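J.: Those protein sequence lines, which keep their order, are chains A and B. Under our numbering, think of the first position of the first sequence as 1, with each following residue one higher. Under our numbering, think of the first position of the second sequence as 1, with each following residue one higher.
Bear in mind the hints are in silico, worked out from the structure with no lab data behind them. Careful: at least some of the hints might be erroneous.
As the list claims (entries may be wrong) - Pulled a few chain B residues facing chain A out of the computed Cβ check, cut under 8 Å:
1) Ile9
2) Ser52
3) Pro83
4) Leu86
5) Ile109
6) Asn178
Everything numeric in this text was worked out from a predicted model, so none of it was measured. Built from N, CA and C at the ideal position, the CB exists for glycine as well.
As a plain string of letters, each chain reads:
2 protein chains.
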Amino acid sequence: MNTGFNPHISVDIVVFGFEDNEGLKVLLINRDKDEDKKSIKLKLPGSLIILSERLHDSAQRVLMELTGIKDIYLKQFAVFDNPERLKDGEDLQWLRNTSGTNIERVITIAYYSLVKLYHYSETELSKAYNARWYNLDSVPELIFDHNEILAEGLSTLQKEFLTEPLCFRLLPGKFTINQLQRISESILGFTLDNRNFRKRINKLEYIVPLNEHQTGVSHKPARYYIFDSKKFEIINRELTGFIV
Amino acid sequence: MNTGFNPHISVDIVVFGFEDNEGLKVLLINRDKDEDKKSIKLKLPGSLIILSERLHDSAQRVLMELTGIKDIYLKQFAVFDNPERLKDGEDLQWLRNTSGTNIERVITIAYYSLVKLYHYSETELSKAYNARWYNLDSVPELIFDHNEILAEGLSTLQKEFLTEPLCFRLLPGKFTINQLQRISESILGFTLDNRNFRKRINKLEYIVPLNEHQTGVSHKPARYYIFDSKKFEIINRELTGFIV
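Construct the entire structure; sequences and hints are all you get.
T.: See the structure below:
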């Protein structure tokens, strides 16, 4: 069997960040460095892989090159392989021009990533890299199938958030229960009952109260908590599921 | 950026089957149709994809061609991309010969699949397709990184088994609690306490007792149960996780 032409391989990364009063955000980059273009074309950070490069390394390289972000948590979540995914004429032409290759088909391996947003200032990202944080509910039309990749990245995060301690990657080391609730709500996309949430959290041995409170706030200072990952691992080693 | 040479893309499928008294099995095929070869080289069912083919379609096609199995549940679980994964000289030569292409690198998209083993008779599989069921604890060395793909497929199944009703794909429509326990144990790789298991199952509304018992058995006939997927969906819509 001769398979003929091989598809190109790329990686695309959905980078989620969280800001207390603004909820969950996603990092998008401007496709064209040329700011003079009339219409802005936005995309997820991503790139074709280089010969011999491993996918995970490629994703780290791309993030470093396109956003300056390095050494972050990356989770592979899906492969987007529709042969028609590049069909938009103008976007495909752009890809052919920038890659210098007569690309026909690209199969992309999608990752999602979680970063503490306050580590990456808007100004720096935008000045150096043409990158910007967008609220999830104000993401415009992206190139190719990037809206679909983002949507599937979010639904994977929502699902994995329920069983894995992912939200602590978006929070500061010390956080209040209020912050934990806000991040849970941002990820899930709906509000939770305050009292029940507080009750539930207080039962979790791996969310540990500190003898330390907020300072310089106008309301009653809230207590700080930390996430004890070692305790979490020990408790989670006792498997629990819907049958066993 | 010129990415130069594109890797080939393949799919490989870990097909799990279950037999009551023998536990979980995996379907392996003989690499060489030529039975005269001294040493048998075993592999997972898999193939390079064809131009324009979607990965999922490719996996279904490959299973049909190599094992006669069609229209089954397939779950994509990982991408194996190590540039060194084909390094074995003799195996790589075989791949080049059978594909008619000077292959350098293959990135493979791995799926796992769950089938009711008794639908696929050993004789038929082996006569027509050179395929055979192997107990998980007696899988020999496979070509390339197929042992690693199998191991990761199994650990994904073990994890997903805890939250998704996957085991019912391996069981007959009507099953006994004993069968359900045996399949849970086979997947998890350890034994469960009989009494606790029975107690737990009896609490689950979506595992429904029938007014029907085994016949023609020498021991006390056990009651049959069915899995009610609609009830399961309704109950599982109420999200539960470690925080909310």
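J.: Does B:Asn178 meet its interface restraint, that is, does its C-beta lie within less than 8 Å of any C-beta in chain A?
T.: violated, 14 Å
J.: Is the interface hint for B:Pro83 satisfied, with its Cβ closer than 8 Å to some Cβ of chain A?
T.: holds, 5 Å
J.: For the hint on B:Ser52, does the least C-beta distance to chain A fall short of 8 Å?
T.: With Cβ-Cβ at 5 Å, under 8 Å, it holds.
J.: Identify whether the interface hint at B:Leu86 stands, where standing means a beta carbon of chain A within less than 8 Å of its own.
T.: Violated - the Cβ of B:Leu86 stays beyond 8 Å from chain A, reaching only about 12 Å at its closest.
J.: Hint validation: B:Ile109 versus chain A, beta carbon distance must be below 8 Å. Holds or violated?
T.: With Cβ-Cβ at 6 Å, under 8 Å, it holds.
J.: Per the CB criterion, is B:Ile9 less than 8 Å away from chain A?
T.: holds, 6 Å
The structure fails hints 4, 6 (numbered hints given earlier, in ascending order).
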